Amino acid sequence: MNVAIGQPIRRVEDDRLLRGQGRFLEDVRLAHEAQAVVLRSPHAHAHIRLLDPSAARAAPGVLAVLTHADLAAEGVKSLPPMTRDPRYEIKNSDGSRMPEPEHWPLAKDKVRHVGDPVAFVVAETRAQALDAAALIAVDYDPLPAVIDAASARAPGAPVLHDGAPGNRVLEWSVGDRKATDDAFAKAHRVTRLKLHNNRLICAYLEPRAAMASVTGDAITLYASGQGAHRFRETLSFCLGVAQDDVRVVMGDVGGGFGPRGFFQPENVLVALAARRLGRPVRWIGDRAESFTTDVQARDHAIECAVALDANGRFLALDVSSDWNMGAYVPARAVFAQIAHMGPVMPGAYRFPALHFTLRGYLTNMAPIYALRGIGRAEASHILERLIEEAAHEMKLDRVEIRRRNLVPASAMPYDNKAGSTYDSGEFEAIMDKALDLADWRGFGARKAQSRARGLLRGIGLCNFVENAGGAPSEFAEVKADPARRLDLYVGSGPSGQGHETVYAQVLAAELGLPFEDVRTHIGDTAIVKAGYGSAASRSMRKAGSAVVLGARIMIEKGKILAGDMMEATPADIEYQAGWFRVAGTDKSVHLYDVAAHARAKGEELSGAIDHKQPEETFPNGCQVAEVEIDPETGKVDLVRHSFVNDVGRVINPLLLDGQLHGGVAQGIGQAMTERTVYDADGQLLSGSFMDYCIPRADDMPFFATAFHEVPCAGNPLGVKGAGEGGTTGAPPAILNAIIDALRDFGATDIDMPAAPETVWRAMGARRPG
Amino acid sequence: MYAFNYHRAKSVDEAVKLQKSASEGSFLAGGHTLIPTMKQRLAKPSDVIDISGLKELQGISVAGGTVTIGAATRHGDVANSPEVKKAIPALADLAGHIGDPQVRNRGTIGGSLANNDPAADYPAAVLGLGATVHTNKRAIEADKYFKGLFETALEQGEVITKVTFPVAEKAAYMKFPNPASRYALVGVFVAKTKGGVRVAVTGAGPGVFRSADMEKALGASFEADAVASIKVSSKNLNSDIHASADYRAHLVTVMAKRAVAKANS
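Those protein sequences? They're chains A and B, same order as listed.
Note that this note's numbering has the first sequence beginning at 164, numbered continuously upward.
Note that this note's numbering has the second sequence beginning at 13, numbered continuously upward.
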């Protein structure tokens with residue numbers, strides 16, 4: 164099949180995955196495996212006075228019980244927060260470095276959240292390991308728990324880490340304080356809000372797991388993550404071994420969304436245990452462990468304000484956020500939060516002045532990490548809620564106030580005063596397209612129909628700009644095989660998105676060869692030479708670009724080889740659709756014959772590149788949500804959702820729609836159903852799917868999506884990134900729709916998630932019944 | 013899960029004997045509560061006695077104004093039974109909205125009633141219709157069967173064999189599902205029966221209960237308006253991360269009103 168960029172090719176992965184032939188971690192079986200379980204802290208905060216594993220070590224079938232003492236004896240290093248790593252370094256605004264709290268794979272003297280690992284038990288069977296874990300004697304001396312940023316910063320608060328006084332990790336600002344204050348002082352109107360961007364549990368479908376085998380010095384880690392090479396680097400760091408001695412293998416990954424990029428402590432433990440025992444060690448986490456010990460997301464207590472002139476034009480934006488970071492600082496979490504929140508704080512709008520401060524605090528909860536839309540989802544929540552209330556207070560039309568303040572396409576490239584220069588963007592055209600797609604004008608008639616059925620109806624919108632970033636370089640290598648096959652090796656792999664399909668599509672389109680010729684190799688450091696992984700909507704942008712450039716390098720090499728074969732100079736050779744041709748003649752050789760020629764000479768017809776592409780791109784869009792609310796119960800039904808997106812050039816509209824739908828679905832979860840609840844003692848109350856509500860298919864409307872392609876000049880494919888617009892734009896659009904429906908009741912704000920009782924209470928004294 | 017002995021009983025009598033001789037024997041019907049609890053190591057039965065396949069516990073029949081349902085009858089079978097749909101459509105409707113298709117294809121009425129989860133649906137139908145729970149030892153009226161949170165009148169060695177429901181003149185069930193678990197946050201079953209109007213509430217309190225105020229009002233006028241202004245006290249209702257007692261009390265009124273409207277439609 165000949166393919167082109169922009170064609171809706173169906174996923175090649177699905178046949179395998181839908182027939183149960185995927186190879187997830189549970190499917191990996193190694194000979195002579197030993198089974199491991201983790202003994203975890205039942206306390207949110209406690210000193211460990213005594214830890215005695217002797218009875219467990221003597222229990223039937225037990226092969227090893229590891230505690231922190233074993234880690235120390237083997238020189239294992241704490242998991243690195245990487246705030247001082249030159250690649251991700253960020254300093255506090257006063258120039259100081261951030262504290263880097265230790266994060267041991269097994270607790271040292273102290274536990275800091277429920278589920279903190281305390282001991283690792285390895286036995287012949289999982290049941291024996293569980294039985295033995297129950298025999299470990301641990302004497303905890305409980306300490307008071309800190310469960311939000313406000314109590315973490317309070318004088319006299321219990322301190323989690325000695326190295327982080329006041330539990331503070333960071334204080335970072337961007338913008339002009341004085342200009343912002345001056346603008347507020349002369350403003351015609353100031354609108355203020357206090358918001359909570361709710362803590363989320365990622366809940367990917369495949370629970371965490373890890374396996375390792377060791378032969379001599381060679382360690383093989385079977386892991387579930389978002390980049391094999393990153394895990395190799397961290398494991399070699401923690402164990403103090405050479406990267407060449409570590410191989411990381413990732414098969415199919417059942418959902419990533421960002422949190423799977425975190426190098427989990429159990430990766431170290433399986434490797435250590437396998438090395439000690441000389442046999443493979445397998446740890447498969449269960450769902451309860453996922454809830455308490457997966458890294459979580461968001462959790463910002465926000466104070467924000469917008470200053471406006473008499474015409475509703477924005478004069479300034481002032482935002483501060485206290486970030487509840489949980490008990491530890493996972494690698495790159497601070498970098499991701501700051502890099503994706505500050506620089507897009509003004510979104511699609513012009514603010515002559517702005518200021519944003521982020522303060523991060525440690526608490527006795529699961530650590531926070533990047534989740535799909537990190538930073539940008541918080542920024543759009545702040546902006547679009549502020550704008551909505553400013554319009555209401557000034558009695559301005561909600562669309563008109565946005566129109567007056569959008570950055571015009573003519574202003575591109577645009578310096579947003581928060582550290583970003585937008586390369587392109589047609590925000591007003593996109594908003595208008597979304598309003599048409601949503602039939603904004605026809606809303607009144609639909610509202611009347613709802614009213615006739617006793618229901619409230621509201622509509623809301625959100626314009627957003629996000630920044631797709633991530634580590635600068637990504638690797639790809641293309642090899643032509645004389646057996647008429649293209650082998651493609653890429654450093655960034657999937658966790659369900661369909662990378663195999665789109666990489667092959669990009670390569671086949673670039674070379675003009677059949678799609679079926681491509682075999683994509685991902686996720687094994689022994690097979691793929693380098694890589695970083697999926698994060699920050701970067702795979703198509705960076706790995707896709709590397710695929711294109713790798714193919715071009717291969718073609719240039721092919722021209723030399725073809726020149727050999729046809730006795731022509733490479734400069735006279737053209738390449739098209741599989742054929743090298745001497746220009747202006749009928750002399751030609753096929754790429755696969757050139758590959759055979761290369762092979763005969765002991766060479767390969769291949770092209771590899773570790774492509775460095777540091778610039779960010781700015782995917783943007785507009786979402787319009789429409790809700791119906793049962794006024795007697797507060798139950799919200801999202802009845803329509805429309806989404807126009809500029810992801811740059813569209814590679815595969817079918818898979819892109821999947822990304823958009825999935826992102827909006829996750830945004831619906833944050834806006835309407837997902838509530839993470841810890842009690843005052845730091846116990847997780849929403850610790851199962853019976854209590855933590857992931858939205859279901861029947862919570863979704865049929866989505867209307869459209870694309871508005873404004874290609875990005877910064878990469879060969881012209882793409883901007885598609886993974887995170889859904890989660891960035893959906894929550895504020897939904898909240899604005901709910902508040903619109905509740906205006907008659909005097910509602911001016913609503914907490915996420917907008918669960919039925921929350922909505923019912925927001926109706927206040929005027930609610931029915 | 014801990015190791016246990018599995019038995020497939022050939023009769024109710026044998027099941028009871030097996031349980032008696034076990035150090036800790038649990039009956040297994042649909043397994044929807046027992047199995048997850050065992051998997052989490054929160055239950056450690058020495059012996060699991062499977063009664064789900066017993067012929068004497070199966071089947072649905074309607075005769076003389078009574079619907080009889082064997083204890084091991086699956087929710088899906090009740091939901092899809094033409095006899096139940098005709099005799100007590102509200103009962104088929106309730107069964108058809110328990111959990112999801114997987115749950116309805118495994119879960120049994122006897123298992124649900126023996127477990128008596130405070131948010132389960134079947135207790136509302138049994139209490140609301142004034143049904144009778146039959147065991148291997150006796151017949152227990154609904155009003156004497158439910159004893160609060162996961163507690164019932166069942167004694168050690170007592171197995172539910174069937175449930176008999178008197179056909180009501182009118183009946184309906186309305187539930188407001190917990191968005192996460194889809195159990196009833198509040199469910200109200202209303203029935204106009206020969207013995208008077210009955211209103212049973214599940215999900216809201218520590219166990220299914222009747223509302224005397226609502227029954228009285230509906231006895232005078234079986235119309236939605238009759239209960240629209242009756243407030244249930246939130247004093248003994250559940251309050252948790254999903255809903256406050258006040259909100260649950262409010263939903264009882266709303267669901268009762270809607271159930272009456274549905275019964276009249």
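Any given hint might turn out to be false.
[Unchecked claim] Derived pair list, reagent style SDA-like, types lysine to any residue, alpha-carbon separation capped at 25 Å:
(1) K274/B <-> Q612/A
(2) K274/B <-> L848/A
(3) K51/B <-> G617/A
(4) K798/A <-> Y195/B
If you are wondering where the hints come from, they were derived from the structure by calculation, not from laboratory data.
This structure is a prediction, so every number in the text was calculated from the model and none was measured.
Outcome of the hint check:
no. : hint              : in the structure
1   : K274/B <-> Q612/A : holds, 22 Å
2   : K274/B <-> L848/A : violated, 36 Å
3   : K51/B <-> G617/A  : violated, 45 Å
4   : K798/A <-> Y195/B : holds, 16 Å
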